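Chemist: Okay, here's what each chain looks like letter by letter:
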Amino acid sequence: MSTSVPVVDRGAKPSGGNPRFFRRLLRRPVAIVCCAYLAVLVGVAIVAPIAMPSVNSQNAGDLFGANQLPSWSHLLGTDTLGRDVLSRLLVGDRVTLVGVVEALVVVLVLAVPLGLAAGYLGGWTDRVVTWLADLTFSLPAVVIIIVVLSVFPTSMLAGMATFGVIAAPGLMRVVRSATLPIREELYIKAAEASGLSRTYILTRHILPRIAGVVIVQASLLAAVALGVQTGLAFLKLLVADPAPSWGGMVADGTSVLLLHPWLIIPPGATIAVTMLALSLLGDAVRDAAVESWSAPVRTKRAAAKAAPASAGTTPPAGARLLTVQHLSVSFPGREQDVRVVEDVSFGVAAGEIVGIVGESGCGKSVTASAIVGLLPGSGRIDGGSIWFGGKDLARASEAELRKVRGRTIAFVSQEPMASLDPAYRVGFQIEEALRRHRGLSRAAARARALELLRDMHFVDPGAVARRYPHELSGGMAQRVAIARALAGEPELLIADEPTTALDVTVQAEILELIRELQMTRQMAVLVVTHDWGVVADLCDRVVVMYAGQIVERSDVQSIFDTPLHPYTEALLASNPHLEPEAATLPMIPGTVPPPGSWPAGCRFSARCRYAVAACAELEVAIEAPYQGHETRCIRYGQLTKT
Amino acid sequence: MSTHPLLSVDQLRVEYPVRNRPPFRAVDDVTIAIGPRETVGLVGESGSGKTTIASAVLGFAPATAGTIAFDGEDITGATRHRRRRLSASLQVVFQDPYSSLNPSRTIGKTLSETLRPHGSPSKSEVAERVASILERVGLDPGAADRYPNQFSGGQRQRIAIARALIVRPRLVICDEPVSSLDLSVQAQVLNLLRSLQDELGLSYLFISHDLAVVRRISMRVVVLYRGRVMEAGPAAVVYNDPAHPYTRALLQSVPIPNPNLQRARRTSRERSTPDLPSTVKPESCQFAPRCPWAVDVCREQQPPEELTSEGVFVTCHRWREFGALPSRHQSRRRQTSAPDCGSPQATGRVG
Chain A
1 MSTSVPVVDR GAKPSGGNPR FFRRLLRRPV AIVCCAYLAV LVGVAIVAPI AMPSVNSQNA
61 GDLFGANQLP SWSHLLGTDT LGRDVLSRLL VGDRVTLVGV VEALVVVLVL AVPLGLAAGY
121 LGGWTDRVVT WLADLTFSLP AVVIIIVVLS VFPTSMLAGM ATFGVIAAPG LMRVVRSATL
181 PIREELYIKA AEASGLSRTY ILTRHILPRI AGVVIVQASL LAAVALGVQT GLAFLKLLVA
241 DPAPSWGGMV ADGTSVLLLH PWLIIPPGAT IAVTMLALSL LGDAVRDAAV ESWSAPVRTK
301 RAAAKAAPAS AGTTPPAGAR LLTVQHLSVS FPGREQDVRV VEDVSFGVAA GEIVGIVGES
361 GCGKSVTASA IVGLLPGSGR IDGGSIWFGG KDLARASEAE LRKVRGRTIA FVSQEPMASL
421 DPAYRVGFQI EEALRRHRGL SRAAARARAL ELLRDMHFVD PGAVARRYPH ELSGGMAQRV
481 AIARALAGEP ELLIADEPTT ALDVTVQAEI LELIRELQMT RQMAVLVVTH DWGVVADLCD
541 RVVVMYAGQI VERSDVQSIF DTPLHPYTEA LLASNPHLEP EAATLPMIPG TVPPPGSWPA
601 GCRFSARCRY AVAACAELEV AIEAPYQGHE TRCIRYGQLT KT
Chain B
1001 MSTHPLLSVD QLRVEYPVRN RPPFRAVDDV TIAIGPRETV GLVGESGSGK TTIASAVLGF
1061 APATAGTIAF DGEDITGATR HRRRRLSASL QVVFQDPYSS LNPSRTIGKT LSETLRPHGS
1121 PSKSEVAERV ASILERVGLD PGAADRYPNQ FSGGQRQRIA IARALIVRPR LVICDEPVSS
1181 LDLSVQAQVL NLLRSLQDEL GLSYLFISHD LAVVRRISMR VVVLYRGRVM EAGPAAVVYN
1241 DPAHPYTRAL LQSVPIPNPN LQRARRTSRE RSTPDLPSTV KPESCQFAPR CPWAVDVCRE
1301 QQPPEELTSE GVFVTCHRWR EFGALPSRHQ SRRRQTSAPD CGSPQATGRV G
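As you go down the protein sequences, you meet chains A and B in turn.
Note that the first sequence covers residues 1 to 642 in the working numbering.
Note that the second sequence covers residues 1001 to 1351 in the working numbering.
Hints were generated in silico from the structure; no laboratory data involved.
All of these numbers come straight from a predicted model, not from anything done at the bench.
Positions of the beta carbon are idealized from the N, C-alpha and C atoms, including for glycine.
Please note that the accuracy of each hint is not assured.
Unchecked claim - List time: in silico EDC-like cross-link candidates among lysine to aspartate or glutamate, alpha-carbon distance up to 20 Å:
#, chain 1, residue 1, chain 2, residue 2
1, A, 403, A, 343
2, B, 1123, B, 1145
3, A, 189, B, 1096
4, B, 1109, A, 489
5, B, 1109, B, 1073
6, A, 391, A, 287
What the hints assert, rightly or not - According to the in silico footprint, chain A covers these stretches of chain B (three or more CB under 8 Å from chain A):
#, region
7, 1080–1094
8, 1188–1198
Next up, chain A with everything else stripped away, as it sits in the complex (with noise of 0.2 Å):
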């Protein structure tokens, strides 16, 4: 299933540290407040000690007017040497931000070079800087600072700065470790093949991409930063009295907490609110930067039982196996829903192969996992039924679903690693679903485990069962993932891309390995696959998709000798496999549309070499030219006459 959802999402992924950032960030509301609070901060910062000159060496104000509560003339009251509380609020702001921002200047200098370099360039730069940073981890750091005051008293920078210096290694962490994953990046690789200095390659590659995470350890670094201040002031280490620091103003309240409770508010409101900001403001950051690549909230089982009811609410006459009928399937886009999935109607009867074929973002992945109720993000059936076993699974609660799936539907996915839990033995896995899906104890769930995988054709499944996936190799996970989809002796195996991610020689065992089973278990299997060979190897019949809609549907041998939609046509002629040696392959110009960009009239009709204008015009309807095969075509008397 996961061809096709990245087409979706594609439109919507960002494009790293683009202006469009500010721009997710200002749309909301809590970081607007956070920033206008900000700014006021540093407005009065850079105004209020200019503007009130004298309050930085006021030592005493009117001695008779000490202690007040807020009055017209004293906003916020007065201290206790009867100075104006609100002024020395004021004034105090610039040495309080002066001293976060030489700490975070400190800690971004060090830890960004330092976690950079040692993420991209790895050893002996990446163990030194580690060391460094388990060394610094280890000290006192409160102590510390105290310390380097008592030999530099009152020194802002001193102060600030070995707290910066403390607390660069946990950035320094943050950055090295989302430096790691992108140094693994092609794009990196590319850059270095092409002999671009590694600086560049640190700058121009690396940095954008981490840039939203240090913005946001920064500014809940700021936060804590303000914290230290405003605790080094309050034990009067950074500022020389009588020059106001909130942290000082806070010590002033408490000396005199029982008789003048007010006096602690002013500073410790204003203390709390700026940290506060800073720490919403990390937030917002964090949302604005993975809004558009994280996805929305489930919420697909509620809006599907209010699908349309565009078909009957009882299962169709002669019903096969499984019967979908008109089934579409939306995701949530960024300004309205898009359809991914429209008006799909096939069947699957008892022991029949059935393969859905296409090309990425055809829907043919969403189909099947729309039939088992596991459609990948928020995306969700909005139309349609999916009639199995007398129930429309379109409109099957969760637990009726839960019922199905493993039990009367197997579904296989394409990485067979992802499908198995790497903490438990496979045997153990295979045990749990046969526990679950049939009821068995455990000694017979592990003779009934042992069994599944000799059928599964491993010369030794005692030994099998006792590893763990990671000590299984690809072809061997994928027999072990189909043994645990039979454990609940399913009607119906759905194998989305079983092979794809396979090479050829361990591809041609699974293929066996479906066909064996299909025939002795009488089972019926749904086959998605992108491969024509794995359709004409496995396949009694065939759906082929294109932009979200069938546009073929034949038996599996009329398709190869008589297709009759011109892109079944062009994509069997574009395989390397089939041409001859010619200078070039025919091939098809252009691209599939995107979910959301359908073509009006046929969806091919742009790259069709036989399309005319009236292909581009009209809705085309699905019909049936011969017994049993169907096309979504106006032209396909053209194709059949070459």
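On the provided structure of chain A, position chain B as indicated by the hints.
Modeler: Quick look at chain B alone, frame taken from chain A:
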């Protein structure tokens, strides 16, 4: 005229360290030569070492033994400085067009940065070269201002090809350039690579797991298994008349898009043993544990490299015996296997 090939890989061995165990030999004793305007295909399944060879040529994986020479000059342990100069003639196109373009940089930036290490052309000249290379790979020059997320997989692969070609290299390493693309797009990209080769006189080292794709574009192919060369020779001969059991298994395993023919082919397929534990004695044939024809000597001795009458190097103890095998469709092709033969192989591939 120089007598040496453009790229020559000689007895290359690449080993990766494994904790508490002897190092893992990813590539062993591999020799490849690529001439000017030539395409050599490197075929093998996962774990065959084909990508490791590419990494070694590009300097990403250090060679444990053997030499790699480019245009007669040894580049086995080339310095970063030398590599930088080399990148003017040696470029690469990777498999995954999604990971190979930085999502936060415009196509124009991605293309023009390749020019940076090689002199400093003026802004207008850079823009001109970006526009012309985009046009050459079949994209609108306006693409330069857009981000990778606005392009499909096939278009991205065209951009990756443009990035490699903008410096006008002599050799391009193509590491599975079409395997993540859809069938219809795959043909477009293969045709593009082919026409660019004719036009710009390029050489390709073309890596793929699919022998049919490699045959389309290569003059010679090298078939690898577990880091060793199983068979090497003219593409048409290896494809139509494989001498090594592994090559035969590789070809027979690919299901062909024709139900009737595929049914017949299925029954005649030589069954190779499914994948087994991965320790094989270094002094034996690496394919022996899976080979349906393996005898004692295969498990005891490393087979020598021998030259067949059709100019194919084959590393197998029993290759002479297979020429007489009747059941194989490939053996019927023996008489029509001249490289430039335009015989109707589409219909006659399987008996």
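Chemist: Would you check the hint for residue 189 of chain A and residue 1096 of chain B, treating anything up to 20 Å between C-alpha atoms as holding?
Modeler: OK: residue 189 of chain A and residue 1096 of chain B at ~12 Å, within 20 Å.
Chemist: Could you grab the alpha-carbon distance between residue 391 of chain A and residue 287 of chain A and see if it respects the 20 Å cut-off?
Modeler: 41 Å, violated
Chemist: Residue count check for the region 1188–1198 of chain B against chain A: does it reach three with CB-CB under 8 Å?
Modeler: Answer holds; 5 residues pass the 8 Å Cβ test.
Chemist: Does residue 343 of chain A lie within 20 Å of residue 403 of chain A when you go C-alpha to C-alpha?
Modeler: 26 Å, violated
Chemist: Decide if the proposed pair is consistent with the structure: residue 1109 of chain B and residue 489 of chain A, CA atoms, cutoff 20 Å inclusive.
Modeler: Violated, because 56 Å separates the two Cα atoms, which is more than 20 Å.
Chemist: Are residue 1123 of chain B and residue 1145 of chain B close enough, with their CA atoms no more than 20 Å apart?
Modeler: 15 Å, holds
Chemist: Taking a Cβ-Cβ distance under 8 Å as contact, does the region 1080–1094 of chain B have three or more residues in contact with chain A?
Modeler: Our answer is that it holds, as 10 residues pass the Cβ test (under 8 Å) against chain A, meeting three.
Chemist: Is residue 1109 of chain B close enough to residue 1073 of chain B, meaning Cα to Cα at most 20 Å?
Modeler: 32 Å, violated
The earlier numbered hints that this structure contradicts are 1, 4, 5 and 6.
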